[in-house]
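Numbering-wise, the working numbering puts 1365 at position 42 of the sequence shown, and it's gapless, one number per residue.
None of these hints come from the bench; they were simulated from the model.
Be aware that a few hints might be false.
Claimed, not checked - Ranges between beta-carbon positions, derived for each pair:
| no. | residue 1 | residue 2 | range |
| --- | --- | --- | --- |
| 1 | Val1704 | Ala1386 | 26 to 34 Å |
| 2 | Asp1604 | Ser1688 | 31 to 39 Å |
| 3 | Tyr1602 | Pro1471 | 32 to 40 Å |
Even glycine gets a Cβ: it sits at the ideal position worked out from N, Cα and C.
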Amino acid sequence: MRFAKKDLRTVDSPGLRLEIDKPSRRSFMTLGLGLAQFSLLGGCSILSRDGPSVESIEGAAAASVAAGAGPVFDYVLLDITEQAVKIFGTPPVSSLFATFGRDKGPPPEIRVGVGDVVQVTVFEAQAGGLFIPAEAGVRPGNYVTIPPEVVDRRGTLTIPYAGRIPAVGKTIPDLENAITQALSNRAIEPQVVVSIVSRSSSQASVVGAVNTPSKIEVGPKGERVLDMIAKANGINAPGYEIYITVQRGNRKATVYFDTILANPKENIFIRPGDTIYAYRDPHRFSAFGAVRTSGLIDFGQPRLTLVEAVAKASGLDDARADPRDVFLYRNSPRDLLLDANVNLDKFPPDQDTIPVIFRANFRDSSNYFAALDFKLSNKDVIYVSNSGAYELYKFLDLINNTSTTAATVPYNLATSRASGAALGLKAVPITPTTP
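Could you build all of it, start to finish, from the sequences and the hints given here?
Quick look at the structure:
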């Protein structure tokens, strides 16, 4: 900076020599800009930081991939209207009934499997036969009970005088008929009764967020999802925080626990070999921008609307918020957007979920009521924009602070030098270092 000689005065400070104009407002504004430039260019090693600067991170990178000028993700912007509430206001959920619909009933027929313990009782029409001796009059009944036997890995049972009987895959009546046929040529009008002592092959597993994870036998009357969870002594968290996954072979479906309670069709029959996995995933949303409480916030209830979510964030900040621009970010299924007649030509045809930003105008009464019916999904993001007046306030405040700082710096430099001289201190020149 160069001024007329008569207007200049010199202030020396360690490592810095300044020629300062008379304290006019214009010269102080110019000086402030110069000092700001100096701090950016020459003060990098002087100002403290919590970590490396952005410049050093970018400069030291061995390779760098920067985003282009366009948006990182293409997205759809939708105003929250009555139609939007009808299509997007209730988050879509998966369904056990839709996935296992053909298995909805009647209860599955329990068949004999490997590892089951079976007990066989054989009755004969009269004494003197294969199992009932001639002196049967000294014992009660005309039957004999064979000791319990485990169905072996080959899937067979060994019955005296009948040999190996294939058992796996047979129902109880089928197995009784097979043993009866094998004994018919040797016993006197044999009749066979088969009972299952224990069923290790007809169990289903209940694991995860239940009080007693275990393998539970599926009885002949049939067990539904809630029956199995009850036998595991229930879930160990609030129902609105629990998901239930049922896996059957290669098929799997997950539903909200409250969905099973609300819709009896979702309470499907469980089959032997199924796995029921209960896990806790509290529903949360993120709130940013001009709200009084930003951060990650729990739903704390089964369902939460957009208006209730803003209330949980302590409402809009009156000094900052623009009530016309309340945004909600969510990934929505493609078919829902097609139902809303949204043009998706700019999105790849195989993209199943589309980023969507929903906009609510809280200044509009009808739009406010629409937001009352618009339910949040887990991990939704709410952002409230600053008003134009607040942005202007920030700009004016910056200008005011800059002017004040520029006017104060010459005074501080001169005062520091005078104080040092009064104490007998001598300034030592310092060579400025590069950042």
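Cross-check of the supplied hints:
no., hint, verdict
1, Val1704 x Ala1386: 26 to 34 Å, "31 Å, holds"
2, Asp1604 x Ser1688: 31 to 39 Å, "36 Å, holds"
3, Tyr1602 x Pro1471: 32 to 40 Å, "38 Å, holds"
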